[in-house]
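There are 4 protein chains.
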Amino acid sequence: MARTMKAAVFAAKGRIALREKPVPEVGPLDALMRVTTTTICGTDVHIMKGEYPVAEGLTIGHEPVGVIERLGSAVKGYREGQRVIAGAITPSGHSNACLCGFCAQDGAGTAHGWKPMGGWRFGNTIDGCQAEYVLVPDAMANLAPVPDQLTDEQVLMCPDIMSTGFGGAESGAIRIGDTVAVFAQGPIGLCATAGAKLMGATRIIAVDRVPERLEMARRLGADEVVDFSKEDPVEAIRRLTEGRGVDVSIEALGLQSTFEAALRVLRPGGTLSSLGVYSTDLRIPLDAFAAGLGDHRIITTLCPGGKERMRRLMSVISSGRVDLKPLVTHRFRLDQIEEAYDLFSHQRDGVLKVAITP
Amino acid sequence: MARTMKAAVFAAKGRIALREKPVPEVGPLDALMRVTTTTICGTDVHIMKGEYPVAEGLTIGHEPVGVIERLGSAVKGYREGQRVIAGAITPSGHSNACLCGFCAQDGAGTAHGWKPMGGWRFGNTIDGCQAEYVLVPDAMANLAPVPDQLTDEQVLMCPDIMSTGFGGAESGAIRIGDTVAVFAQGPIGLCATAGAKLMGATRIIAVDRVPERLEMARRLGADEVVDFSKEDPVEAIRRLTEGRGVDVSIEALGLQSTFEAALRVLRPGGTLSSLGVYSTDLRIPLDAFAAGLGDHRIITTLCPGGKERMRRLMSVISSGRVDLKPLVTHRFRLDQIEEAYDLFSHQRDGVLKVAITP
Amino acid sequence: MARTMKAAVFAAKGRIALREKPVPEVGPLDALMRVTTTTICGTDVHIMKGEYPVAEGLTIGHEPVGVIERLGSAVKGYREGQRVIAGAITPSGHSNACLCGFCAQDGAGTAHGWKPMGGWRFGNTIDGCQAEYVLVPDAMANLAPVPDQLTDEQVLMCPDIMSTGFGGAESGAIRIGDTVAVFAQGPIGLCATAGAKLMGATRIIAVDRVPERLEMARRLGADEVVDFSKEDPVEAIRRLTEGRGVDVSIEALGLQSTFEAALRVLRPGGTLSSLGVYSTDLRIPLDAFAAGLGDHRIITTLCPGGKERMRRLMSVISSGRVDLKPLVTHRFRLDQIEEAYDLFSHQRDGVLKVAITP
Amino acid sequence: MARTMKAAVFAAKGRIALREKPVPEVGPLDALMRVTTTTICGTDVHIMKGEYPVAEGLTIGHEPVGVIERLGSAVKGYREGQRVIAGAITPSGHSNACLCGFCAQDGAGTAHGWKPMGGWRFGNTIDGCQAEYVLVPDAMANLAPVPDQLTDEQVLMCPDIMSTGFGGAESGAIRIGDTVAVFAQGPIGLCATAGAKLMGATRIIAVDRVPERLEMARRLGADEVVDFSKEDPVEAIRRLTEGRGVDVSIEALGLQSTFEAALRVLRPGGTLSSLGVYSTDLRIPLDAFAAGLGDHRIITTLCPGGKERMRRLMSVISSGRVDLKPLVTHRFRLDQIEEAYDLFSHQRDGVLKVAITP
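Chains as they are written, first to last, in full-length UniProt numbering: chain A, 1 to 358; chain B, 1 to 358; chain C, 1 to 358; chain D, 1 to 358.
Source of the hints: derived by calculation from the structure; they are not laboratory data.
All the given hints hold, so there is nothing to weed out.
Covered by chain B, per the in silico footprint, the following chain D stretches (three or more residues, Cβ under 8 Å): (1) 74–87; (2) 134–141; (3) 303–314.
What you are looking at is a predicted structure, and each value in this text was computed from that prediction instead of being measured.
Every residue, glycine too, gets a C-beta built ideally from N, C-alpha and C.
Looking at chain A on its own, in the form it has when it is part of the complex (with noise of 0.2 Å):
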């Protein structure tokens, strides 16, 4: 008789809903996690609007912190009952894109190799993490052990959040000195933010224009903070560094405008870091990308998964170079999702990020 648990499934297009499911049977290469704690993403409240397509009564969630539960036959070097995480995208390790370092395109069991986002599977492809279990599949490359000293929601912005922001600072290549223009300071902006200071960069300009989380900017690393709402951002950014333009900027809302300021606001040979998940075709203007001539780069990035990626991450969290438990702003327990839901898709009361403990 198969043992049940509560999940968050999609249930039909505006509706996240709690359910009784079956606790999932593990195969030889997963592992069952316990969930502790876990979170709800922006990219969560696109799939309940029904903005991004995923099957009626999935598990929702991709940021799961928990225990060990019970491992696959195959699966060495854990124990059940140890503290964890996994990434957002968990990485097949053993696809030619994996072997590549390209996991979060991770094609395992396609013919050459290669699928556009295929390594992000919770709460996309397979059940996600919003429930009492989640089934962590290729456990040897995916769960990392969290340090005894970390609680579970110093480490709830590793699996997504933080990767994603700090991967968007890692494409940029930032380097000592640089001043970088980070567009937008939701929860993955601020970790973009704080990823740019810890890289090296000296003047960072966070734009947003909710104060609350342009203070939020300040505390995590901005130097100086535009209020789009105040000003334009091109314009107050050109003003500030005198006419050069900044050597990276981070797009981290996900819409034309944003991606336009921040092409308008590169120097020449500058490079425009993409984090955004965008709904429209984007237009360059040609007088923003110097008619192709500027030595502009554009790169984009899905968020880094695998667990030497946690396991660095944590070690960012462990040492104390950046503190992002300010970023949980709201706590509600498993049982309260559907108001978690609403609160945070609404961006009420001031959300950042919510902790959800089953």
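Position chains B, C and D relative to chain A; hints supplied.
Here is chains B, C and D on its own, set in the frame of chain A:
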């Protein structure tokens, strides 16, 4: 009494004319080069048509092969009578952009040291080389001696076409075993094809519609050719790569259609290396861009310049690895240059590049 | 009742012997390969001589070409009967080292995920492939299908010699127009020479003393050869480069003398890419190292492995860019392997590589 | 009648002496700087002791802070009276080495454009800056304006100590989450420690034996310190990293013992970034080098120079990310410089760096 020389100047929209102009004065850091061979670039045609604005009366041309006639008082390390070339881009060597390796965006004289396309001076902001003499600025950074065994025509592609085309392959960071698509096989696209082969791409797919250009592409390294007038190149490349896509695509024309196709044929994590000079805004289709989540890279490159670049390119020619002489399909004397423009701008008679000898 | 097979094992110091051993059991992640062609590596000779210790009775060999005989229960994406190769290095895909791209230092099973040379398992820590059958661990990361049009001998160099030699060129980060010196033109040095050409080096200087090897070096890409028994190679290279030195030097032998010469011929800022397996401490002469102030780089590389690496190398062969068949100078049946070791270890009869067919 | 000035010159082995010398003539590309603050480097002590040979009578010193007194006739973009610094390395900007980004190996004037350490001119091949005035060659590539809000002492480390130390971190290609060991915490090692932190290392282990230096290392970013007089640093670091080793080690002293220890503590695939000026041949122990198969990298770095480098370093200071003022422990007037050398060369009184004011 100043000597005079013949020079092809921008006379009016639609008209390049040969005029008498004074031979330039030589400043302390300059060198006066007597031009022995030069050529016409697609960019010169844009200038002729008034699509790219330059001052009336400016001498056109940025691809000089010649002999040092006179050296500025502060120029050391050269001797008069030496055979030399200079790149289309003539970096100062001392701007902030140059000191970062972005010679083409040289901002010498600006407050902050960066200027879009600032390294392009010949035939743009200073007199060019479709003339009997040309003044080479910052001569010590720009004059590259031509090895005795190489003819003028053998090195005629180095200043721009070869440097730009190879730059497209280099910006694509092509690796051994890569599959590469090159869109358009004009002179720059052909050099990109040759550059891709030189860097170790093992499957190069060249796209054009002119049979002679596709045939030349095969000679220079293409493993397969696609005639876009006969089949959709995106579909053809998907078929050839069995759905995987290419590691790197190079855009060498400057149109929305080729830019878009170059994006659509990329595998996840692939790089679009853009060489085209665009004349309209560009559109990035949402699906081709995987909504921003495909780990794609779009890199633009303006022709790298400076004497070390020229030295390296001439060493490619010396080694026999690549033979670009066949690109010179027609020859004219300087006083026939209006005729040469007529032929070249209408792409008549299978013209690829012309050699102009003052 | 277990089937048995013939296998060449390390019998005692100085002795490889053919023995009957059970055909291996297939675990869930393994594949059993029926070996159709394999070869002997210089490393195997070190093992035979007892210079590199392995367990008595271990099957030797790490360069398998064959056919899938049986797949483990958890292996997907392959079919029995498929022609495949596996690299000398067989990464797990899931260790921390693998997830950083350091497959050869795979520490699967260790606490932290790194182990020096841990990715080298065949004929080192597990049974190798000089046998009728070999068990391929972590099959999904390691089995690379062989294109139909390629023969066994055409791909026989991919698992080690070509991957290592090309790795030396890649670690040197060779660029278009580089001058490269390759010290020693044994099989690995010859592949380094071929790799240097494939990456765009335009002046390749090959050093050896065996005329046949220098001749083969010319066939594979060397522009000039230096017979070190006739002239000092450091002086010769300085003369050839007019005092400048080389951009990259590749050491492919493993002696102090070649290591030191490879350092001495570097230009300031040059890279020594080391492939040799050394058996003594190395000395860096103060003057050759510019007292530590020459911006020199010394990079070591262990053979890259995994199926994507094999796929890329086979695509080099398929493209016809490089033809390594001439490296196979002698052929033996598996039951003649002791004879093959005798010939190969004494480098008699102009042997470069032998093909062994079970 | 030429004006004269005071200058500290190499008088004889073991003796730096203050002399009257003519104020230099200003050539077309030069700038005359009135020195307001300078300092003494460990290299100057080597020169004083005759361990590094310079011409008798040469003015010593390569770390100038000052004011532009006069500009050469061809120098544009500056004004007399402007506060500036110049790097210890003063690239021409136009040599082949410079045009490849290797400013420190600048071979301006040589046939091929490369010269070991050729970019180091001040106090080595031309008069230095421990004087009332110093002539800055190739002024447009080298003069970096000092922001008004920064004091002389705040930027005094930029020309050499900070550029070199940070260069060690940069050559190590330190990434977010790296573990880094820095051997020796003199001024350069301390700056390497600060640079490692600035690039995102999250576990920095500083090695020295002087308590004040270890304490300063903690202030600048070290997470842990190892007193090598109390425990073997290799064992200590292995213990701290639980056997894994460090991603990057930085050698900042110049001895066999530190070089060797820096190699021994590396994880497989790790990078030894070497900053030391060695005075003996170096030995690479076979075991520490994994016989050449550990994917190790050894990178040496000479102080990067040029005005863009200086601009970036000053922006680090302006941002408040790093405060190097505490490194200035003692202050002298130029006419006390012999006393300063005495203190500094004997490392008395806890001296780290001295400020010298003409």
